[in-house]
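J.: Sequence:
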Amino acid sequence: ELPASVIEDRWHLNPGEGAAQLFMGSVTRGMMGGAFLYTNRGSVSLGIVVGMEPMRSRPDDLESWQLLDELKANPAVAPLIKGGEVVEYSAHAVAEGGIAKVPALLGDGYVMVGDAAGLSLNALITVRGMDFAIASGYHAAQAVAAAKAAGDTSAAGLAGYERALRESFVLKDLQTAADVPALLENRRLFTHYPEAVTKLMADIFTIGPGPTEKLFKTGFGGVRRSFMNLATVKDALSFRKI
142 ELPASVIEDR
152 WHLNPGEGAA
162 QLFMGSVTRG
172 MMGGAFLYTN
182 RGSVSLGIVV
192 GMEPMRSRPD
202 DLESWQLLDE
212 LKANPAVAPL
222 IKGGEVVEYS
232 AHAVAEGGIA
242 KVPALLGDGY
252 VMVGDAAGLS
262 LNALITVRGM
272 DFAIASGYHA
282 AQAVAAAKAA
292 GDTSAAGLAG
302 YERALRESFV
312 LKDLQTAADV
322 PALLENRRLF
332 THYPEAVTKL
342 MADIFTIGPG
352 PTEKLFKTGF
362 GGVRRSFMNL
372 ATVKDALSFR
382 KI
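Residues in the sequence shown are numbered from 142 upward in steps of one, following the numbering used here.
Possibly wrong hints are sitting among the right ones.
Claimed, not checked - Here are the simulated DMTMM-like cross-link-like pairs (lysine to aspartate or glutamate), alpha carbons at most 25 Å apart as the crow flies: (1) K375 to E303; (2) K289 to D249; (3) K375 to E308; (4) K313 to E226; (5) K223 to E237; (6) K358 to E336; (7) K382 to D344; (8) K340 to E211; (9) K355 to E326; (10) K289 to E308; (11) K289 to E303; (12) K223 to D150; (13) K223 to D210; (14) K242 to E354; (15) K382 to D272; (16) K375 to E354; (17) K242 to E142; (18) K313 to E336; (19) K340 to D320; (20) K242 to E308; (21) K375 to E194; (22) K213 to E308; (23) K375 to D272; (24) K313 to D272; (25) K242 to E226; (26) K223 to E149; (27) K382 to D293.
The hints are simulated quantities; they were obtained by calculation from the structure and are not laboratory data.
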């Protein structure tokens, strides 16, 4: 919890504006996942997302709450939340199996919405779920109202819900990103590439005690060392699927 004025000052916001930040790489110690920071009115939401299987298979006793503590102490985050008071915390399992893991969306007397229906998407550059939850909730309400008005709340009577979802962006976007869950199993996304990009930027912008190389030589050298290899070519070919 932080005063709205402090949030606006630290994130350089105008009144009523908000900020969203996403992190990946060292925040999960190279495991599949990332971190998020969202500003609210008078508070900040800060969290870690990490794959259950990578956590379970670690040889050490690392717990997810330790990753959150490390995030709060990270130099990029600590100054932003300084002086804040923890007023709420929670843990939640998030379905990120993609369209292939979406279950039957309805049955006799019920419909499934939001992440209960597996309607969430890690699209690498962003994580989506709230928009899917709102849209699926809206279409569910429409379908339930129509079914009750018709006196038929069986699966057949509620079938309009699934039709509406298939016609909306929800299932279309999940289908478009059908190959993303498999790509997220590539550990290089959370280790090699963040480290390589960070080192490349550091090499370019750091001024040392000795003479400075030409920008092209420094930049191309970093690209050649980190990206001009067979593993990166294979990754690039797989990235075409997204």
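J.: So, for every hint listed, does it hold in this structure?
T.: Hints, one by one, checked against the model:
For the hint linking K375 to E303, the alpha-carbon distance of about 37 Å lies beyond 25 Å, and the restraint is violated. Taken as a hint, the K289 and D249 pair is honoured in the structure, with Cα atoms around 12 Å apart against an allowance of 25 Å. The suggested pairing of K375 with E308 is violated, with an alpha-carbon distance near 35 Å, which exceeds 25 Å. Distance check on the hinted pair: K313 and E226 sit about 40 Å apart at the alpha-carbon level, beyond 25 Å; violated.
Taken as a hint, the K223 and E237 pair is broken in the structure, with Cα atoms around 32 Å apart against an allowance of 25 Å. Note on K358 and E336: the hinted pairing holds, with a Cα-Cα distance of about 20 Å set against a maximum of 25 Å. Taking the CA atoms of K382 and D344, the gap is about 31 Å. The hint is violated against a cut of 25 Å. Restraint check: the Cα-Cα separation between K340 and E211 comes to about 21 Å, which is no more than 25 Å; the hinted pair holds.
About 37 Å separates the Cα atoms of K355 and E326, which puts this hinted pair outside 25 Å; it is violated. With a CA separation close to 22 Å, the supplied pair K289 and E308 stays within the 25 Å bound. This hinted pair checks out: K289 and E303 have alpha carbons roughly 16 Å apart, not beyond 25 Å. Taking the CA atoms of K223 and D150, the gap is near 13 Å; set against the 25 Å cutoff, the hint holds.
Distance restraint check for K223 and D210: the Cα-Cα separation of roughly 13 Å lies within the 25 Å cut-off, and the hinted pair is therefore satisfied. With a C-alpha separation of about 51 Å, the suggested pair K242 and E354 falls outside the 25 Å cut-off, and the hint is violated. Distance restraint check for K382 and D272: the Cα-Cα separation of roughly 23 Å lies within the 25 Å cut-off, and the hinted pair is therefore satisfied. With a C-alpha separation of about 31 Å, the suggested pair K375 and E354 falls outside the 25 Å cut-off, and the hint is violated.
Taken as a hint, the K242 and E142 pair is broken in the structure, with Cα atoms around 36 Å apart against an allowance of 25 Å. With a CA separation close to 34 Å, the supplied pair K313 and E336 exceeds the 25 Å bound. For a cut-off of 25 Å, the pair hint linking K340 to D320 is broken: about 29 Å separates their Cα positions. Straight-line distance between C-alpha atoms of K242 and E308 comes to about 19 Å, which keeps the hinted pair within the 25 Å bound.
Proposed proximity of K375 and E194 is supported: the alpha carbons are some 24 Å apart, at most 25 Å. Between K213 and E308 the CA atoms are separated by roughly 41 Å; this puts the pair beyond 25 Å, and the hint is violated. For the suggested pair K375 and D272, the alpha carbons sit about 33 Å apart, so the restraint of at most 25 Å is broken. The suggested pairing of K313 with D272 holds, with an alpha-carbon distance near 13 Å, which does not exceed 25 Å.
About 38 Å separates the Cα atoms of K242 and E226, which puts this hinted pair outside 25 Å; it is violated. Of the supplied pair hints, the one linking K223 and E149 holds, its CA atoms being roughly 14 Å apart against a limit of 25 Å. A C-alpha spacing of about 42 Å is found between K382 and D293, which places the hinted pair above 25 Å, so the restraint is violated.
The structure fails hints 1, 3, 4, 5, 7, 9, 14, 16, 17, 18, 19, 22, 23, 25 and 27 (numbered hints given earlier, in ascending order).
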